[in-house]
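Asks: The lines below spell out each chain.
There are 2 protein chains.
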Amino acid sequence: MQTIKFLQDQPLFGGVGEAAMQAIMPLLRDLDVPAGGVIVKEDDEGDSLYVIYRGAVEVLKSDPDADDPLGKRIAVLKVGDVFGEMELIDMQRRSATVRAMEPVSVLALSNGDMLRIYESDMPTFTLIVMNLARELSRRLRNLDTLAAHYLGRDRESE
Amino acid sequence: MQTIKFLQDQPLFGGVGEAAMQAIMPLLRDLDVPAGGVIVKEDDEGDSLYVIYRGAVEVLKSDPDADDPLGKRIAVLKVGDVFGEMELIDMQRRSATVRAMEPVSVLALSNGDMLRIYESDMPTFTLIVMNLARELSRRLRNLDTLAAHYLGRDRESE
Numbered sequence: 001m002q003t004i005k006f007l008q009d010q011p012l013f014g015g016v017g018e019a020a021m022q023a024i025m026p027l028l029r030d031l032d033v034p035a036g037g038v039i040v041k042e043d044d045e046g047d048s049l050y051v052i053y054r055g056a057v058e059v060l061k062s063d064p065d066a067d068d069p070l071g072k073r074i075a076v077l078k079v080g081d082v083f084g085e086m087e088l089i090d091m092q093r094r095s096a097t098v099r100a101m102e103p104v105s106v107l108a109l110s111n112g113d114m115l116r117i118y119e120s121d122m123p124t125f126t127l128i129v130m131n132l133a134r135e136l137s138r139r140l141r142n143l144d145t146l147a148a149h150y151l152g153r154d155r156e157s158e
Numbered sequence: 159m160q161t162i163k164f165l166q167d168q169p170l171f172g173g174v175g176e177a178a179m180q181a182i183m184p185l186l187r188d189l190d191v192p193a194g195g196v197i198v199k200e201d202d203e204g205d206s207l208y209v210i211y212r213g214a215v216e217v218l219k220s221d222p223d224a225d226d227p228l229g230k231r232i233a234v235l236k237v238g239d240v241f242g243e244m245e246l247i248d249m250q251r252r253s254a255t256v257r258a259m260e261p262v263s264v265l266a267l268s269n270g271d272m273l274r275i276y277e278s279d280m281p282t283f284t285l286i287v288m289n290l291a292r293e294l295s296r297r298l299r300n301l302d303t304l305a306a307h308y309l310g311r312d313r314e315s316e
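Top line first, the protein sequences correspond to chains H and C.
According to my numbering, the first sequence is numbered sequentially starting from 1.
According to my numbering, the second sequence is numbered sequentially starting from 159.
What the hints contain is simulated information worked out from the structure, not anything from laboratory work.
The beta carbon of each residue, even a glycine, is placed where N, CA and C say it ideally should be.
Incorrect hints may appear among the rest.
Claimed, not checked - Label pairs and their calculated CB-CB ranges:
1) C:P169 / H:L31: 46 to 56 Å
2) H:A23 / C:M249: 24 to 34 Å
3) C:D188 / H:V76: 37 to 47 Å
4) C:R296 / H:A35: 27 to 37 Å
5) C:R296 / H:G37: 26 to 36 Å
6) H:G37 / C:L185: 28 to 38 Å
7) H:A35 / C:D190: 36 to 46 Å
8) C:Q250 / H:R54: 26 to 36 Å
9) C:I162 / H:G37: 47 to 57 Å
Unchecked claim - Residues from chain C shown here face chain H by an in silico Cβ test under 8 Å; the list is partial:
10) D201
11) T303
12) A305
Bound-form chain H, shown alone (with noise of 0.2 Å):
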């Protein structure tokens, strides 16, 4: 288990004061998994996010060109990064599945822990989904400059 330091560094919870870490500690899920360990699986329901603290995790989305059966790797995700927020966000199923590259650590917590949270420190509720929509931002911002790039490569080939 990490210590309250290391995740009030991590973007999930900037920001989030030392009491209010005290009563999140309890509530997070502590999971190892060996390298080539699937941890979410694309369209499987999932009521978790993950924070990495240890190792390194490839995102893959399935595609029909893929040559790995799980599909085409999109991302890859290191020490303090953010998976599974997505589903907890939007209620929908997985978006893409997540594998160890290496042995991994993750802290894993709820849906049911984020309603624990919200019910008991509102506050501290709206500061990890405002770091969540934050992250959700940066990633889009990414993305954007990627689909201008190939939307456009794609207009001139038609």
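Using the hints, position chain C against chain H.
Replies: Showing chain C alone in chain H's frame:
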């Protein structure tokens, strides 16, 4: 100006009750933009989000290959859609330009207004932030599919 009922039906204000909407309505600024008018400009600083209630806009992202000096079109947004919210969440500059494709009317909500909602009605503020996060999540899901498609193509052509 639009009715409370209209706003409650839009994703941004989904779940916000009548009394809370009554308090939000006076904060919203009503803007009419002629066809071709630029509402937000890429790289500008921005402190408002916008909800479209009439007309359609195009989202343009600067790109060296674009014919249009403002960039390539990466999306079209219509009545009920929101734009400008990423800057409100992450305090970065505008990620893209938004231009009216026809006469457009929008309601603008500023950062200061959001702070006022936070201070006076935290549950409503939290609901709006969750609605925004859900919208970002929806867009990311669409772009992830695009990313898998094109990143695969790039690898093949290397």
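Asks: All hints are to be evaluated individually against the structure, with a verdict given for each.
Replies: Status of the hints after comparison with the structure:
no.	hint	verdict
1	C:P169 / H:L31: 46 to 56 Å	33 Å, violated
2	H:A23 / C:M249: 24 to 34 Å	27 Å, holds
3	C:D188 / H:V76: 37 to 47 Å	45 Å, holds
4	C:R296 / H:A35: 27 to 37 Å	33 Å, holds
5	C:R296 / H:G37: 26 to 36 Å	29 Å, holds
6	H:G37 / C:L185: 28 to 38 Å	49 Å, violated
7	H:A35 / C:D190: 36 to 46 Å	58 Å, violated
8	C:Q250 / H:R54: 26 to 36 Å	30 Å, holds
9	C:I162 / H:G37: 47 to 57 Å	50 Å, holds
10	D201	12 Å, violated
11	T303	7 Å, holds
12	A305	5 Å, holds
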